[in-house]
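J.: Single-letter residue listing:
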Amino acid sequence: MKFKTFIWFVGPSLFLMLLFIAAPLVSVFLDSFRITQPVVQTVETETCSAGFLQQTCTTTINTVPVIDEETGRVVTTTEWVGWLSYERVLEPRRAWDAIRSFDYNGLMQIDFWAALRFTVMFTLVTLPLVIGVGLAIALAVNNAAKSLRGPIIFVSLLPFIITPVIGSLSIYWLFVGDGILTRGLEAWLDRDIAMFAQAWTIELLMLFYRVWHVAPFAFVIFYAGLQTVNQDTLESAIIDGASRWDRLRYVIIPHLMPLIVFIALIHLMDSYRVFDEIVGFRAQAYVISLQWLTFDFLAADDAGNRAFSRASASAMLTMIGIVILLIPLLRRTWRDHKGGSH
Amino acid sequence: MFVKRLALAGAVSLAATTAYADGHATCSFENETEVTMLSAAFEAWVAVTDAMVACGNFEPELDQEFRTKQPEGFAANPSLYQLGGVSNGTITPLLNAGTIRPLDDLIEAYGENLTPNQLIQIDGQTMAVAMMVNTQHMMYRSDIFADLGLEVPTAWEDVLAAAAAIQEAGVVDYPLGATMASGWNLAQDFNNMFVGFGGTFVNDDNTPNVNSEAGLAALDMMMRMTEYMDPEFLVSDSTYVQQQFQQGRIAMANLWASRAAAMNNAEESQVVGLIATSAAPLAMEGGAPATTLWWDGIVVAANISDAEAENAFRLAMEGINPATVEAAPDAAIWLIPGYEPNDMSAGAIATATADPAPPSYPSTTQMGLMHTALGNELAAFFTGDVSAEEALAAVEASYTVAAQEAGLLE
Numbered sequence: 000m001k002f003k004t005f006i007w008f009v010g011p012s013l014f015l016m017l018l019f020i021a022a023p024l025v026s027v028f029l030d031s032f033r034i035t036q037p038v039v040q041t042v043e044t045e046t047c048s049a050g051f052l053q054q055t056c057t058t059t060i061n062t063v064p065v066i067d068e069e070t071g072r073v074v075t076t077t078e079w080v081g082w083l084s085y086e087r088v089l090e091p092r093r094a095w096d097a098i099r100s101f102d103y104n105g106l107m108q109i110d111f112w113a114a115l116r117f118t119v120m121f122t123l124v125t126l127p128l129v130i131g132v133g134l135a136i137a138l139a140v141n142n143a144a145k146s147l148r149g150p151i152i153f154v155s156l157l158p159f160i161i162t163p164v165i166g167s168l169s170i171y172w173l174f175v176g177d178g179i180l181t182r183g184l185e186a187w188l189d190r191d192i193a194m195f196a197q198a199w200t201i202e203l204l205m206l207f208y209r210v211w212h213v214a215p216f217a218f219v220i221f222y223a224g225l226q227t228v229n230q231d232t233l234e235s236a237i238i239d240g241a242s243r244w245d246r247l248r249y250v251i252i253p254h255l256m257p258l259i260v261f262i263a264l265i266h267l268m269d270s271y272r273v274f275d276e277i278v279g280f281r282a283q284a285y286v287i288s289l290q291w292l293t294f295d296f297l298a299a300d301d302a303g304n305r306a307f308s309r310a311s312a313s314a315m316l317t318m319i320g321i322v323i324l325l326i327p328l329l330r331r332t333w334r335d336h337k338g339g340s341h
Numbered sequence: 000m001f002v003k004r005l006a007l008a009g010a011v012s013l014a015a016t017t018a019y020a021d022g023h024a025t026c027s028f029e030n031e032t033e034v035t036m037l038s039a040a041f042e043a044w045v046a047v048t049d050a051m052v053a054c055g056n057f058e059p060e061l062d063q064e065f066r067t068k069q070p071e072g073f074a075a076n077p078s079l080y081q082l083g084g085v086s087n088g089t090i091t092p093l094l095n096a097g098t099i100r101p102l103d104d105l106i107e108a109y110g111e112n113l114t115p116n117q118l119i120q121i122d123g124q125t126m127a128v129a130m131m132v133n134t135q136h137m138m139y140r141s142d143i144f145a146d147l148g149l150e151v152p153t154a155w156e157d158v159l160a161a162a163a164a165i166q167e168a169g170v171v172d173y174p175l176g177a178t179m180a181s182g183w184n185l186a187q188d189f190n191n192m193f194v195g196f197g198g199t200f201v202n203d204d205n206t207p208n209v210n211s212e213a214g215l216a217a218l219d220m221m222m223r224m225t226e227y228m229d230p231e232f233l234v235s236d237s238t239y240v241q242q243q244f245q246q247g248r249i250a251m252a253n254l255w256a257s258r259a260a261a262m263n264n265a266e267e268s269q270v271v272g273l274i275a276t277s278a279a280p281l282a283m284e285g286g287a288p289a290t291t292l293w294w295d296g297i298v299v300a301a302n303i304s305d306a307e308a309e310n311a312f313r314l315a316m317e318g319i320n321p322a323t324v325e326a327a328p329d330a331a332i333w334l335i336p337g338y339e340p341n342d343m344s345a346g347a348i349a350t351a352t353a354d355p356a357p358p359s360y361p362s363t364t365q366m367g368l369m370h371t372a373l374g375n376e377l378a379a380f381f382t383g384d385v386s387a388e389e390a391l392a393a394v395e396a397s398y399t400v401a402a403q404e405a406g407l408l409e
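Sequence lines, in order, name chains A and S.
Per numbering that gives the first Met the number 0, the very first residue in the first sequence carries number 0; after that it's consecutive.
Per numbering that gives the first Met the number 0, the very first residue in the second sequence carries number 0; after that it's consecutive.
Next up, chain A with everything else stripped away, as it sits in the complex (with noise of 0.2 angstroms):
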């Protein structure tokens, strides 16, 4: 092809990709090292509220931001705080003295390393749970009857459809209080149940829920890939007396590996940003990830402030850590794709 050819196809996406990706990047990224305050002033002020009966008034210092008085606008400053906004999110003192001391609930007391640690973990427990339980529907409804196939594969995807803040919602309201799934537990194991009150159990939830919602894309993928495995090779393994599992483990799996790298890649991305459960599940004492932390950040307070530059910071946090995730699986991808090329 050639290069203008390349350009004129490529051109709008790329373009798009800049105005879409990379220049909210580079502003967070400024903003992450700055920080714009309101200028404020001290005033005693008068207010007069309304009770049932009458007026309550009082008399107060309050500090209110100043009003330019040509422009009607707040006005503010921006200060340039060098590494300020993450050492707020990070808290490398106290972080260090916990880890110094082996003081891990002190740790876990710093919302940042509380976030990273369930957002590690659930990553880190999702990815081989969604790879295998893909596998496996693939490989049962491959092996189903051809009449049936149709019928399982459309039951097998509804999880995935279902809007992810909707489906974590209904799991919370399922077990909820005396949700019904609580009370058949209640009912079965004779005790009383409370799913929300510690955290293990809300952990488990969220886990066996996100492997709920994203085994059917995995499955579908991998579905596609077994189409495409060599008979012959099989058939051959078969002559050679490979059983089931040898078959599996040494023609199938090596066969689908690109397509478990491209799973991992994407499931890498997508769970480090776990975000829904926190939400539907109302977990924030208990349990917190890292992008709830920048929403939180984000957020405007009654009296309208926002963090943004601790949002910032920890938005680019998640991203480095993303980043670092996965990077051994594009080491990988690279080898392959310059292995392949001669």
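Misleading hints may appear alongside valid ones.
As the list claims (entries may be wrong) - Facing chain A, from chain S, some residues (calculated, C-beta under 10 angstroms):
id	residue
1	P92
2	A180
3	E376
4	A393
Claimed, not checked - Counterexamples of contact, computed for chain A against chain S with all Cβ distances above 12 angstroms:
id	residue
5	V9
6	A144
7	D231
8	I252
Unchecked claim - Simulated restraints on C-beta separations:
id	chain 1	residue 1	chain 2	residue 2	range
9	S	A396	A	G131	41 to 51 angstroms
10	S	V170	A	R72	35 to 45 angstroms
11	A	T76	S	Q166	50 to 60 angstroms
12	S	E389	A	R99	30 to 40 angstroms
13	A	M318	S	E389	25 to 35 angstroms
Think of the hints as simulated: they come from the structure by calculation, not from any bench.
We treat Cβ as the ideally placed atom computed from N, Cα and C, and that holds for glycine.
Using the hints, position chain S against chain A.
T.: Frame of chain A, contents of chain S only:
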């Protein structure tokens, strides 16, 4: 997050709104100019905006996300909304940015139905017109209290004693309910108890002041309450507590007045007529009831022409006139003339008129930061990970960083 907004507005199930749909037949003037309004979506706002729609050319936007949209919407020039529905918690960003206008002239011209109590004044200027009050107060199962021969508790120590007696009798799953979902709700429950013990959140120099006697006493009391509560209390928001009541699973709770009407909604409640209300209990002897007072009301944008503002205000007055109260008498504890308190509002009114009276929720930038810090850090105390002192120290540390980032502290 959703939960926090719902609770903030003291929202009631929207299911009941249809009941008020036919209450807006008349309007005293024909509205010629386009008017828009952004407010919360709970029952009282539905009643008010329904009345305003009757005047024509009015588009209300009832949205529980209103507080994130309002500051930016009003900062635009011209403002995206002429009118806004706010509470004492959410008026702060608008006041700070100067995007709402003083209403004194307009009140003089069109406010003949308003009582002085409805005027929210900052340094003598009226910045908002309140239409209702809301507060968290005691709701209890009158039948259980009568059966067991219990007195209605007036102090939190009595509440715990009553809870023990109810637990003993085993008539409900859990004697107590509380809006202690981590985040906004948990922080608000702490606020209630903290002011009940006479605490002040922030010093005059913006440094935090919750790691104090009052803070420790408040956490101690809340921890003792949890012994009588559903173990899932950290996900228990206002709707959750309301449903616990409706399904007969709890016997007492300090709950929002705006939730009272739902208790007698036969479509969802199994305890119609069995819930009574009383003043919020005292945390300490001689103190104010351990709760805060809230109002909801209307503001007018600054970035619009005077003529538009006049028209919008006139329309707003149609919304909060006695006819609205007549059409929806139980939708809120109205401040509008013509409101007749019913049985369910007795508790809220007793709370608001107590002597000493509970404070209004402090509407300041510092309080916004403090509320977030409390909501994020206190949960660790209730999960048993840290002690009360450690939790309050974490709150102060978290507040300090946020205040530094917001430019309030050096």
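J.: So, for every hint listed, does it hold in this structure?
T.: For each hint, the structure was consulted:
1. P92: 3 angstroms, holds
2. A180: 6 angstroms, holds
3. E376: 9 angstroms, holds
4. A393: This interface hint holds because 7 angstroms falls under the 10 angstroms limit.
5. V9: 36 angstroms, holds
6. A144: Check passes; 45 angstroms lies beyond 12 angstroms.
7. D231: Given a closest Cβ separation of 57 angstroms, the condition holds.
8. I252: 42 angstroms, holds
9. S/A396 - A/G131: 41 to 51 angstroms: Holds: the Cβ-Cβ distance is about 43 angstroms, inside 41 to 51 angstroms.
10. S/V170 - A/R72: 35 to 45 angstroms: 59 angstroms, violated
11. A/T76 - S/Q166: 50 to 60 angstroms: Holds - the Cβ-Cβ distance for A/T76 and S/Q166, about 57 angstroms, lies within 50 to 60 angstroms.
12. S/E389 - A/R99: 30 to 40 angstroms: Given about 19 angstroms between the Cβ atoms, the range is violated.
13. A/M318 - S/E389: 25 to 35 angstroms: 32 angstroms, holds
Of the numbered hints listed earlier, those contradicted by the structure are 10, 12.
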